[in-house]
Amino acid sequence: MSLVLDMALCALILGVGLATVAGHGVFRAVIFFITYGLLLAIGWARLGAYDVALAEAAISAGLTGVLLLAAHGRLRRLRAAEEAPLRPNLPAALVATGIALALGWAWFALPDPTAPDLTAALPQSGVGNPVTAVLLNFRAWDTLLEAIILLAALIGLWMLARDRAWDNPLGLRYHARAGGVMASFGRVLPPIGLIFGIYLVWAGAEMTGGAFQGGTVLAAVCLVSIMADVLPAPRIAQPAWRLALVFGPGVFLLSGVAGAVFAQGFLALPPELAKPAIVTIEAALTLSIAVTLVLLVIGPPDEGGQDA
Amino acid sequence: MADIATYVLTGLGLVFFIAGTVGLIRFPDQFSRLHALTKGDNLGLGFIALGVAFQTETWAQVAMLLLIWGLALLAAGTVSQLVARAAVSESQKP
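Sequence lines, in order, name chains A and B.
Using this note's numbering, read the first sequence as starting at 1 and increasing by one per residue.
Using this note's numbering, read the second sequence as starting at 1 and increasing by one per residue.
Next comes chain B alone, as it looks inside the complex (with noise of 0.2 Å):
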C-alpha cells in the first residue's frame, strides 16, 4: 500500500518536473519560463517528499523531508523574485 502511494506520488512529481523543463524550455520570456519553472518544480519537489514520506521509518524523517521542501521553496521562491527582477531592470536600461 505504501509502495503504491510512493509509486504514484513520485510519478506525479516527475511529471510536474518534466512539465516544469518544458516550460522553461518553450516558453518565450523570462517571466513565463520563471513561472513554469518554480511553480512545476516546487510541486514536483513536494510530491516527491509526500511519495518518500511513506517510506519513512520514523516521524523525524517526515520532518526533515519537509525541512528539505520548506527550504527549497523559501530558496525558489526567493531566487526567481531576484531573478525577474533582475530582468526587469534590466529591460529597462536603454
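If we strip away everything but chain A, and leave its shape as in the complex, we get (with noise of 0.2 Å):
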C-alpha cells in the first residue's frame, strides 16, 4: 500500500516538475513550482527527514512561491511579461540534460556515504535534535555564513532602488477595506500564526522544528498583518527594522568571538553553556530571518506610481 503511496507521489513529483518547465507561461509555471514544493515536502516526510520537509514547504513551496508570485505581479505590470510564445530552447535542454547525466553518474559511482555517527557526540552539542546540533553546534561557521547571505541578498535588492525612492515605505502599496474579510483575516491569522512560529523554534532543540522554519512563519505572519494594512509598511530608514535584520547574525558573531577567546576556538560552545547559547543564538536568528524574508518579499521602496 505505501509502495503504491510512494509510487504515485514520485509520478505526480516528476509530472508536476515536468508541467513547471515545459509549461504555457509564467504564472502557470509559478503556480506548477508551489505545487512542486508541496509534493516535495510530502516526500522529504515520507523520507522520515521532517526537518527538511518543514523546510521545503514552509521556504521553497511557500516563500519562493509569493516571490515568484510578486515577480510575476511586477512584470505584468511593466508588461514585461507579455507571454512568448514558447520555443524549445535546446541549449538549454541540453545543459539540463548534461546536469540531470552527471548527477546520476556521481550518484552511482559514489561510494556510499559514511555519515559521522551523532550518538556519541550529541550529549555534547546541548540539544537533542541532531539537525539542530549540527546546524548551530558542529556545523554552525555554514549557519552562520547563511545568515549573512541573506543580509547580502536584502541590501542587493535594496541597491535597485533609485535614490529618490529611498525614504518610500517599501513595497507596494496595499489597500485593505477597514472591516474587510483581508483586515479581519490579518487580525484573526497572527495570534495563531505567533504561536507556531515560536514553537516551532523553541521545539526545534528536541525535535522538529527550528530557526528557519520558525523563521518562515513568522515572516508569512509579518506579511499578511502588512498587507492587511495592521502593520504600516517598513522603512528602510526605520532603526528598528535594521537593528532586527542584523540582530541575529550580530548574536550570532559575538557568540563565536566569545568561544574565541573563552572557549576552544571561534564558533566554539562548552558543552555546559551550548543549551542556552543555542537556544539564544536560535532567537535572535529567528528574528532576523524572519524580518530579513518579510523585507525581500515586499521588495524595494514604492517608487510612487511609476508602475502603476
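These are calculated hints, taken from the structure and not from any lab test.
Over 10 Å on every C-beta distance to chain B, these chain A residues come out as not near it, computed from the model:
#1 16
#2 22
#3 53
#4 59
#5 88
#6 102
#7 106
#8 108
#9 110
#10 131
#11 163
#12 203
#13 230
#14 274
Label-pair restraints from in silico Cβ distances:
#15 A:195 / B:14: 26 to 34 Å
#16 A:243 / B:4: 57 to 65 Å
#17 A:253 / B:92: 50 to 58 Å
#18 A:107 / B:68: 31 to 39 Å
#19 A:268 / B:25: 57 to 65 Å
From a predicted model like this one, the values you see are computed outputs, not experimental measurements.
Where a beta carbon is used, it is the ideal one built from N, C-alpha and C, also for glycine.
Build the complex: two chains, separate frames, hints provided.
The following block contains the structure:
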C-alpha cells in the first residue's frame, strides 16, 4: 500500500516538475512550482526527514512561491510578461540533461557516504535534535554564513531602488477595506501564527523545527499583517527594522568571538553552556530571518505610481 | 469499528474533493468554480479529518486535526473572497 503511495508521489513530483518547466506562461509555471514544492515536502516527510520537509514546505513552496508571484505581478504591471510563444530552448535543454546525467552518474559512482555517528557527540551539543546540533553547533560556521547571505541578498535588492525612492515605504501600497475580509484575516491569523512560529523555534532544540522554519512562519504572519494594513509598511530608514536585520548575525558573531576568547575556538560552544547559547542564538536568528524574509518579499521601496 | 468509520468518512471526503475538482474544471466562470472548489474541499477536508480522528490515540491529536481543519477553512474562505473580489474588479475594468 505504501509502495503504491510512494510510486504515485514520485510520478506526481516528476509530472509537476515537467509541467513547471514545459508549461505555458509564467503564471502557470509559478503555480506548478509551488505545487512541486508541496509534493517534495510530502516526499521528504515520507523519507522521515521532517526538518527538511518543514523547510521545503515553508521556504521553498510558501516563501519562494510568494516571491515568484510578486515578481510575476511586477512584470505584468510593467507589461514585460507579454507571454511569448514557447519555443523549445535547445541549449538549455542540453545543459539541463547533461547536469541530470552527471548527477545520476555521480550518484551511482560515488561510494556510500559514511555519515559521522552523532550518537557519541550529541550529548555534548546541548540539544536533542541532531539537525539543530549540526546546524548550530558542529557546523555553526555554515549557518552563520547563511544568515549573512540572506542579509547580502536584501542589500542587493535594495540597491535596485532609486535614490529619490529611498525614504518611501517598502513594497507596493496595499489597500484593505476596514472591516473587510482581508482586514479580519490580518487580525485573526497573527496570534495563531505567532504561537506556531515561536513553538517551532523552541521545539527545534529537541525535535523537528528550527530557526529557519519558525522564522518563515513569523515572516508570513508579518506579511499578512502588512497586507491587511494592520502593520504600517516598513521603511529602510527605520532603526528598529535595521536593528532586527542585524540582530541575529550579530549575536551569532559575538557568541563565536566569545568562543574564540573563552573556549576552544571561534564558534566553539562549551558543552555546559551549549543549550542556553543555542537557544539564544536561535531566537536572535529567528527574528532576523523573519524580518529579512519579510523585506525580501515586499521588495524595494515603492517609486510612487511610476509602474502602476 | 473505528477502521470502518475511517474508511467510510475518508471515502466520503474524497468524493467531495472529486466533486470540487470536477466543478473547478467544468464550471463556466470564476465564481461558480470558486464556489465548487471551496465548498467541496472544505467539506472533503472536514470528512477526512473526522475519519482520521477515529485513528488517534489522544484527545490532543483530535484537537490538532480540528485546528488544521479550522485553519484551512479560514484560509480557504478568505482566499476565495479575495480571488472573487479581484475577479469582479478585473471584469469591471474597461
